[in-house]
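Okay, here's what each chain looks like letter by letter:
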Amino acid sequence: MARSDVDLMLDVKAGDEASFDLLLHKYRSPLVNFLGRMVHDRATAEDLAQEVFLRVYRARKQYTPSAKFTTWLFRIATNLALNSLRDTRHQRMEVSIDAPPNDEEDAPPRELPAREMRIDEHMIERDRVEFIQRAVASLPEKQRAAVLLHKYEEMDYADIAKVLECSESALKSLLFRAYESLRVQLAPLVITQPVANSASAPAGKGRPS
Amino acid sequence: MKCEEISNELIAFLDNRVSAGARRGIEEHLTGCAACRTRAEEFRKLSSLLDEVPAIEPSFGFNARLRQRIAAEPARPRFFSFIPQPRLALSMALMAAMTVFIVELPKGNPVAQPATAAVQQEDFNAIKNLGVLENYDVVTKLGALSELVPDQSPVQGSDSQRQGQPASNDDGGA
Chain D
1 MARSDVDLML DVKAGDEASF DLLLHKYRSP LVNFLGRMVH DRATAEDLAQ
51 EVFLRVYRAR KQYTPSAKFT TWLFRIATNL ALNSLRDTRH QRMEVSIDAP
101 PNDEEDAPPR ELPAREMRID EHMIERDRVE FIQRAVASLP EKQRAAVLLH
151 KYEEMDYADI AKVLECSESA LKSLLFRAYE SLRVQLAPLV ITQPVANSAS
201 APAGKGRPS
Chain A
1 MKCEEISNEL IAFLDNRVSA GARRGIEEHL TGCAACRTRA EEFRKLSSLL
51 DEVPAIEPSF GFNARLRQRI AAEPARPRFF SFIPQPRLAL SMALMAAMTV
101 FIVELPKGNP VAQPATAAVQ QEDFNAIKNL GVLENYDVVT KLGALSELVP
151 DQSPVQGSDS QRQGQPASND DGGA
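Heads up: the protein sequence lines correspond to chains D and A, in order.
Here our numbering is used: the first residue of the first sequence is 1, the next is one more, and so on.
Here our numbering is used: the first residue of the second sequence is 1, the next is one more, and so on.
For the record, the hints were derived by calculation from the structure and aren't laboratory data.
Keep in mind that this is a model prediction, so the values were computed, not measured.
Please note: incorrect hints may appear among the correct ones.
Claimed, not checked - Below, simulated DSBU-like cross-link-like pairs (lysine-lysine); rule was C-alpha separation at most 30 angstroms, straight line:
{"#": "1", "chain 1": "D", "residue 1": "K151", "chain 2": "D", "residue 2": "K26"}
{"#": "2", "chain 1": "D", "residue 1": "K151", "chain 2": "A", "residue 2": "K45"}
{"#": "3", "chain 1": "D", "residue 1": "K162", "chain 2": "A", "residue 2": "K2"}
{"#": "4", "chain 1": "D", "residue 1": "K13", "chain 2": "D", "residue 2": "K162"}
{"#": "5", "chain 1": "D", "residue 1": "K26", "chain 2": "D", "residue 2": "K68"}
{"#": "6", "chain 1": "D", "residue 1": "K162", "chain 2": "D", "residue 2": "K26"}
{"#": "7", "chain 1": "A", "residue 1": "K45", "chain 2": "D", "residue 2": "K13"}
{"#": "8", "chain 1": "D", "residue 1": "K142", "chain 2": "A", "residue 2": "K45"}
{"#": "9", "chain 1": "D", "residue 1": "K142", "chain 2": "A", "residue 2": "K2"}
{"#": "10", "chain 1": "D", "residue 1": "K151", "chain 2": "A", "residue 2": "K2"}
{"#": "11", "chain 1": "D", "residue 1": "K13", "chain 2": "D", "residue 2": "K68"}
So here's chain D without its partners, still in its complex pose (with noise of 0.2 angstroms):
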């Protein structure tokens, strides 16, 4: 039976190397996926996860499991992305006036699709994907972070709260806001015919007000 975080993090207190190797090996890319999303950028991204794991090992001797692992690991990573989008807020905004729209400097590397396709369909894909990232990280950050963890760490809503230190009622006015936001902003491409019959959704006609 597979060790839980709490107890491999237990025996990292204990002095055991190998359980942090484990941890290390099944939280770095969620973290630096976290972490690429939030700051859009790679490098810092990468940068941030390490300091994470650092704060971590640091933290092993007086490590007491009073709360999930995970939501201790990524109130660290929120908190962390939040101070270095703080810190380089000035220059963002020098880069985003200079900066030609289509800069991809900044853009996380993205996976090769998985078949073959032609130069015109890169391109759709490409911009796409752009459109759909731009929208992500034009939210407000507190937004990015609660959506980021909802959709992609597909956290619980207490556990969501407790790393953005907020209520999950908050936490829910924050999840819609944010999903509202990227809405209205990805309209183009959510948005088709008025929807037919549907589980949950019964046909009808109309947009929201």
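Go by the hints and put chain A onto chain D.
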């Protein structure tokens, strides 16, 4: 239920994370409200759209770099490692304070000046009477003691006063 009431529960509804009672209420509202129904459907599409954003894989040297950073960490926990520094600073501050105290004390202490003058006056009197005290006759002829300069009060201060005192004694002795 009104549109405003279900808006905060709509995401949880789409995640299947609402109670059975709340689910029934939201479904009833969606049946009658085209706007909320459309919003719910677009939220679903939005979720699929976000799946299109590719994941970022950590770079090849991620673990090695982290291990390097961990190896570069100080052996002791940080909290304790800086404690010797305040001790050192305190020791240096104390040493500096003592040095200043030692250097400045003779100049700065106004009480020390008269005390030193009094001691000097005593020494002066002892030297002045030395000839009388060395006189062997004083042992046999106590009259020689009349040559002694009367003792002066040690707290009498200035040089001019000290110079004046023997003269007055001389006058008195004459």
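Right, here's what the structure says about each hint:
no. : hint           : result
1   : D:K151 / D:K26 : holds, 18 angstroms
2   : D:K151 / A:K45 : holds, 13 angstroms
3   : D:K162 / A:K2  : holds, 29 angstroms
4   : D:K13 / D:K162 : holds, 23 angstroms
5   : D:K26 / D:K68  : holds, 15 angstroms
6   : D:K162 / D:K26 : holds, 21 angstroms
7   : A:K45 / D:K13  : violated, 44 angstroms
8   : D:K142 / A:K45 : holds, 22 angstroms
9   : D:K142 / A:K2  : holds, 27 angstroms
10  : D:K151 / A:K2  : holds, 26 angstroms
11  : D:K13 / D:K68  : holds, 16 angstroms
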